[in-house]
Structures are given as C-alpha cells and as structure tokens.
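> First to last, the protein sequences are chains D and X. Counting with full-length UniProt numbering, you get residues 1 to 389 for the letters of the first sequence. Counting with full-length UniProt numbering, you get residues 1 to 389 for the letters of the second sequence.
Simulated from the structure, these hints should not be mistaken for laboratory data. Owing to the predicted nature of the structure, the values given are computational and were not obtained by experimental measurement. Quick reminder that beta carbons are idealized off the backbone N, C-alpha and C, glycines included. Hints may contain errors.
List of simulated lysine-lysine pairs, DSSO-like, C-alpha gap at most 27 Å [said to hold, decoys possible]: (1) X:371 <-> D:49; (2) D:251 <-> X:371; (3) D:79 <-> X:371; (4) X:49 <-> D:276; (5) D:251 <-> X:49; (6) D:49 <-> X:49; (7) D:22 <-> X:49; (8) D:243 <-> X:371.
To spell it out: a stretch of chain D is covered by chain X in this simulated footprint if at least three of its residues, at any positions, have a beta carbon under 8 Å from a beta carbon of chain X; those stretches are [as the list claims (entries may be wrong)]: (9) 44 to 53; (10) 77 to 89; (11) 272 to 283.
2 protein chains.
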Amino acid sequence: MPASPIRKLVPYANSAKQRGIKIYHLNIGQPDIHTPKVAINAIKNIDRKVLEYSDSAGIPALREKLTHYYRAQNIELSKEEIMVTTGGSEAFIFAFFCCFNPGDEIIIPEPFYANYSSFANAMGINIKPISSTFERGFALPTIEKFEKLITPQTKGIFICNPNNPTGYLYSKEELHQLRDIVLQNNLFLLSDEVYREFCYDERGHFSALNLKGLEENVVLIDSFSKRYSECGIRIGTLVSRNKELISSALKFAQARLSPPLLGQIAAIASLDVAPKYTADVYKEYLQRRDVLVEGLNKIPGVKSLIPKGAFYTMAKLPVKDSEHFCQWILSDFEYQGQTVMMAPGSGFYSSRYLGKDEVRIAYVLNVEELKKALIVIEKALEVYPGKIN
Amino acid sequence: MPASPIRKLVPYANSAKQRGIKIYHLNIGQPDIHTPKVAINAIKNIDRKVLEYSDSAGIPALREKLTHYYRAQNIELSKEEIMVTTGGSEAFIFAFFCCFNPGDEIIIPEPFYANYSSFANAMGINIKPISSTFERGFALPTIEKFEKLITPQTKGIFICNPNNPTGYLYSKEELHQLRDIVLQNNLFLLSDEVYREFCYDERGHFSALNLKGLEENVVLIDSFSKRYSECGIRIGTLVSRNKELISSALKFAQARLSPPLLGQIAAIASLDVAPKYTADVYKEYLQRRDVLVEGLNKIPGVKSLIPKGAFYTMAKLPVKDSEHFCQWILSDFEYQGQTVMMAPGSGFYSSRYLGKDEVRIAYVLNVEELKKALIVIEKALEVYPGKIN
Numbered sequence: 001m002p003a004s005p006i007r008k009l010v011p012y013a014n015s016a017k018q019r020g021i022k023i024y025h026l027n028i029g030q031p032d033i034h035t036p037k038v039a040i041n042a043i044k045n046i047d048r049k050v051l052e053y054s055d056s057a058g059i060p061a062l063r064e065k066l067t068h069y070y071r072a073q074n075i076e077l078s079k080e081e082i083m084v085t086t087g088g089s090e091a092f093i094f095a096f097f098c099c100f101n102p103g104d105e106i107i108i109p110e111p112f113y114a115n116y117s118s119f120a121n122a123m124g125i126n127i128k129p130i131s132s133t134f135e136r137g138f139a140l141p142t143i144e145k146f147e148k149l150i151t152p153q154t155k156g157i158f159i160c161n162p163n164n165p166t167g168y169l170y171s172k173e174e175l176h177q178l179r180d181i182v183l184q185n186n187l188f189l190l191s192d193e194v195y196r197e198f199c200y201d202e203r204g205h206f207s208a209l210n211l212k213g214l215e216e217n218v219v220l221i222d223s224f225s226k227r228y229s230e231c232g233i234r235i236g237t238l239v240s241r242n243k244e245l246i247s248s249a250l251k252f253a254q255a256r257l258s259p260p261l262l263g264q265i266a267a268i269a270s271l272d273v274a275p276k277y278t279a280d281v282y283k284e285y286l287q288r289r290d291v292l293v294e295g296l297n298k299i300p301g302v303k304s305l306i307p308k309g310a311f312y313t314m315a316k317l318p319v320k321d322s323e324h325f326c327q328w329i330l331s332d333f334e335y336q337g338q339t340v341m342m343a344p345g346s347g348f349y350s351s352r353y354l355g356k357d358e359v360r361i362a363y364v365l366n367v368e369e370l371k372k373a374l375i376v377i378e379k380a381l382e383v384y385p386g387k388i389n
Numbered sequence: 001m002p003a004s005p006i007r008k009l010v011p012y013a014n015s016a017k018q019r020g021i022k023i024y025h026l027n028i029g030q031p032d033i034h035t036p037k038v039a040i041n042a043i044k045n046i047d048r049k050v051l052e053y054s055d056s057a058g059i060p061a062l063r064e065k066l067t068h069y070y071r072a073q074n075i076e077l078s079k080e081e082i083m084v085t086t087g088g089s090e091a092f093i094f095a096f097f098c099c100f101n102p103g104d105e106i107i108i109p110e111p112f113y114a115n116y117s118s119f120a121n122a123m124g125i126n127i128k129p130i131s132s133t134f135e136r137g138f139a140l141p142t143i144e145k146f147e148k149l150i151t152p153q154t155k156g157i158f159i160c161n162p163n164n165p166t167g168y169l170y171s172k173e174e175l176h177q178l179r180d181i182v183l184q185n186n187l188f189l190l191s192d193e194v195y196r197e198f199c200y201d202e203r204g205h206f207s208a209l210n211l212k213g214l215e216e217n218v219v220l221i222d223s224f225s226k227r228y229s230e231c232g233i234r235i236g237t238l239v240s241r242n243k244e245l246i247s248s249a250l251k252f253a254q255a256r257l258s259p260p261l262l263g264q265i266a267a268i269a270s271l272d273v274a275p276k277y278t279a280d281v282y283k284e285y286l287q288r289r290d291v292l293v294e295g296l297n298k299i300p301g302v303k304s305l306i307p308k309g310a311f312y313t314m315a316k317l318p319v320k321d322s323e324h325f326c327q328w329i330l331s332d333f334e335y336q337g338q339t340v341m342m343a344p345g346s347g348f349y350s351s352r353y354l355g356k357d358e359v360r361i362a363y364v365l366n367v368e369e370l371k372k373a374l375i376v377i378e379k380a381l382e383v384y385p386g387k388i389n
C-alpha cells in the first residue's frame, strides 16, 4: 500500500518548521473555519455518567434529524436508509465491503481522492481509472470511454461530487448519463457528496440519490466533517435505499460496535445550526476561491480552472515534476521566512505519468494568508531549477 | 456475513419491552460503571474553536502518556510503537489488514468473541478454531493440537487474554507455549488484552508483549472502553514493536484520516484517574463475579467455572439448545414482570454443534440486579419445555 501522497511531504515540512519557516498549508482539507458554537456547546453541556456504546447504526435521534436535513436538500429518505458511520471514511469502507468482492473492478474518474484506493487495494478490489482532463475542464468522460472500460468484473462506478481534488461539479445531465451506464450494466453507483454545501454555480447540486430508477444501485457517502468544519468528530453517513445493502452494512456496523458517541452528540447539535452560519461559510469559501484562482492565473505559466464546488483546485504549474517542486519548495526555498505545502497531482492519478505538472491546492486558509501563499509560489517558480519555459 | 449472535435476539427483547417486561441485560459488555469524572470533565471543559482532525496515529500527548500507562503494567514501549485507533475494533481490523492476505489462516481458540470473524470473513481470511472446553476449564489447547492445525497457509494465532467470552486468564506458562509455536512457524501472535485490569488471580496478567524473542511477531489490541467504562468514546490502541507492521498500519490510519478527537480528549484525561477508581471498579466486578457464579451453581443443572478475568462467564445450562432457550425466555417467559437476555453460546463457536448448552453471561449489572436475574433464570429453567433432566 503506497504512502498517502499528501502526507509524504510531512518530513520536509517538519524540517522546514524546525528551521523557523512559516508554512502555508494548502495541502490538506482541514479548514480553519470555526465549528458551530451549538456543536461545541452540546459537548460542553453533556450530562452523562457513562459514556456508553450507542446503537450500531447511530443514535436514532440523529438518524431521524438527518431525514429533515436531507429533505431540505430535496432528498427524501427514511431513517432506516441512513446509517451513521465513523466519518465518511468508514462509510466508504463499509460500502466497499458490502458492494464488492476481491477481483471486482470499480471505475473511478481520475484524478481522485487518493484514500479511496488504499482500502480498495487491501480488499483486492481493482480500481480502473477513467481520465478526466484539465483540458476538458475535468468534466465526466464520455459514455463511450466508460463502455470501453466495462468488463464482466466491473461492479461499480465511484464518483465524488462536487469533486475532490478538481472542484468539478457534475451536472444533472452528466448524472443521467451515468444512470444509463449503471442500469445497463447492473452496477453500483457510489457517490461521495461530502462537499454538497459548497457549490458555486447557479445550477446547484444534483444528488445521485435523486436519479430515478437507481434506488437499488446508489450508495451515498456523506460526512459532517466539511459541512460544519468538524473533521475531528468522525461522523459520516452511509445512505442507500437498497434494503439488502443497508442490512449487510449493519452487520459490519455491529461488528465494530458503535460510531463515536461524543461526535454524534456534536452532530445532532450541528443540524440545528443557524442558516447564517452556512451562508457565511459559503461566502467565505467563494471569496477564497476567487482570490486563489485569480492569483494563480496571474502567475506566469500557472493555470487554474474556476472550480464550481468543494474547496480545491487542480492547478497546472510550469514544472516537469510537481512532486519534486512540492518537495523543493519545502526543502530548498523560502521567501521572507515563508513557504507553502501543496499536494502533488500525480498522487491523485492511478495512471502513471498523469498529473506530473499538476498540484492540488486547498483553499482552507483565509484570504490574507492565501495572498501571501500566492506570492511564495510566484517567487518560487521564478527560481525553481526544474521549470519549463 | 452472519448476524451478530448477541444482537440476533434484539427483536425479541424489544417485543418483551413493549409488553412492559423488565429485561436484565446479561448479553452485552456495556457496563453500568460510571466513567471517571476526570474524563467527563475534560470533555465539558474543551476550549477549542475548531474540532479538527488529529494526527492519524493519535494525539502525540496521548501516545506519550500511554507509554507511562504501559510502563506501570510492566510493559516498556516507545510512543512510536503505539498507534491510537477508533476502538479496539479498528485495531483488529488494521491488524488483520497488515498481517494477513486473502487465503491466509488464523488459529483462534474457541469459544471466541464473535466480532473477530465478521471482518476476517469479509477479508477472505480463514479462521481455524481450536477448541478450548468447559471440561478443561477453557485452558489453552495443547501444543499438539495447535501443531495439527498448522498448514503453510497459517499466518497467525489470535488470543484474547483475559478471555471474552470464557473469563479464562492465560498463565505465563501457556503464553510461553504459544511463543514456541509462534517462533517455530513464523506466525503473528495477535493478543486482545482489553480486559487487562480485570484479573482475579494472584498470578496477575502476563502480556504477550513481554514474551522475549517475539518482538517482531506480537501485535496487541487494546482499548479504553472497558478499563474506564467509556465504550462510547471509541478509543483503542494497536501496539507492536514490529516497525514494518506499525508503518503499514499507519498507512491505513492515514487513509481513514484520524481517530476521534473528542474521544482522545477523554482518553488523555482518563489516564489521570485516581488509583481509587480502578481499585473500586475492580472490587465491584469481583463481588459481582462471586454473586453470579455462586448463584449460577446453585441452580439445579447449571454449572459455571470461576472466571479469573474479564467480566463474563460461559455457563452450562441443562438445555438442548441454548439459542432457543435465550429466545424463549424473552418471548414466552416472565417472572414477576421480569426476564433476562443472554448470549447463546453457539455464536461464540466457529465449529458447528459446539456450545449448544452454553450461554455467555456478562456481569455488568450491580449485585442486586444480578440476584434478581438469577432468580429469573432459575424460575425459567423450572418450566422451560426444552430442558434436559
């Protein structure tokens, strides 16, 4: 199992910090946004003598409340269709266990969130990447390209919408194309929608759960982490209208006993957050996106699309090997005592040789810091020896 | 994947509750013991704006503090050898992923904690049970019996010490026997020691980590859940002196991002608990054990050994099919508006036909309730139609 490309650079970052250099962390999806006060207060006000197991499927009150949350997103669900998991991570582990057997193949548009592949590898599930490209704006590959990849072993398609790492937002039309492929080939469609709240496009978000006729096929991976900036509570959900699948997932849930109690208490409270919180967070990310993308495109040789969702962009840099650049900027460069940490693009591609001139940048820092980070990147590219002119 | 035998009876219990019957839950390992106040206060006093990811391997201060905890248990470790997991459950999932491949075999003395097998099944790992029997006091099977089971596919032995469900405490001598088998066959030895604090024998607990020469072979599964009665915080540890194994586990840990932050905050505080807490809890369980075992052995036809650890006993009942009895006592019996829920023994055996006259009883209720539950069992056996005379 390969080391996470995002975390591979950690020793270089630690060493830079030891030399007294300030690092702007554009490499990880840990926002600086405050967790809602209602969530933190719910934790501060706990009145329990025993911190005991909760139901394996999650506290019933949380599952019930989630039906209201999803209804507000135009997704009609019963609480039996919602299982609480230990973060979105566990939701995808359970989904993999329930939907696939060793030797099965899943098609995933690349670049994709690298952590998917770690557990898939360990379970003997083969990921078949299908390229989405910067040049096509990271749009969904054509149906023909999907059809070429489908074999008797193909059992599922996995999408992330809005997309980490590209920021691409799939359109309703693209999801309908996926529906046809899924139905024709009797596949599971796993949809990671943890960035649902962060869509910067008037068309808004269209959930895979709203694809008619796919009730037995769609599995939603979801999480409280990004929505309420509470990544540490480790609360996510696995959602499906496929009763057999939920019943199978429940067996895994029972085998691991229960999701975290304290995180669930924070999650229940988070669902009561004032609409102003969500609106303010949205505005903040939109502003950050604009500052970042405008700034990147002003740097000679750098290109970024305008991401329509999530809080990442896959930017093109004028370098031969972005992994080397990301290491070099930590180990051999500083500008006024500062440098930046970014995630090399190649780590998000399963196909070798792709993403060599790309980096994933997370806009999880405030505008002032983003501006400073942009200056560092510009200054670094002026002197970087591996630059392409 | 089979449904958890412990949870299979839940619908019958729910139905009994709806009929207004009080149920004594002897079926689960959820103690009624209070969580230490220091842990709950640490949660109430959190002073954070963002509930963020922690390090994938766990908060460094927690890992550091755990080295002191283990030192007090005569186990010398560095913090690099300790990884924080989401409960003991995740520790065994990681251990399975790191130590074994599909097709590999693990030998586990049965009866064993049923949840081990769920994930093993899903990973294609074959569990080879080796019988420990009531008649031999659930002692470790002989070396010869282990040797008969070992094939080229055998890659590990998994023990739980003190044992869930039998309450058996392995002696130093038995562990040395295991050491020889492990070394001769180059196996991993996975040792679940989550009940370490609950040993009712002057010999005390001997940890697999203290077996000389097995530094590369031993993997410890541990948890805060039972020790501090905080099952819901979902904090455990995976411990090994095998650097390659810990490095491999770290990759899985990174892929799931981080263990629960709030649970770790409670865990850090729990390690400061006053010695009186631990001593009081110990005395309480000892008293419960004595009341339960004495009471069971007074019921005609019922037999229990004296468990030397954990808080379970595998009792023999004078019935043909304990699974039927456990269901019947919920669905067709009550004594003064009360009944009991127990875990059928067969669910803890991988070999068919074993454990048919056994039940696992957890002494996680107070002495008064245990006494009432014992009366219910006695009265039930007097009228149960499937009784053996």
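> Now look at each hint and say whether the structure bears it out.
The hints, checked one at a time:
1. X:371 <-> D:49: At roughly 24 Å apart (the allowed maximum being 27 Å), residue 49 of chain D and residue 371 of chain X satisfy the hint.
2. D:251 <-> X:371: Status violated; Cα separation ~33 Å.
3. D:79 <-> X:371: Violated, at about 38 Å.
4. X:49 <-> D:276: 17 Å, holds
5. D:251 <-> X:49: Between residue 251 of chain D and residue 49 of chain X the Cα gap is close to 36 Å, so the pair fails against 27 Å, i.e. violated.
6. D:49 <-> X:49: 25 Å, holds
7. D:22 <-> X:49: 22 Å, holds
8. D:243 <-> X:371: It is violated: about 41 Å lies between the C-alpha atoms, which goes past 27 Å.
9. 44 to 53: holds (count 9)
10. 77 to 89: Per the Cβ count (3), the hint holds.
11. 272 to 283: violated (count 0)
When each numbered hint is compared with the structure, violations occur for hints 2, 3, 5, 8 and 11.
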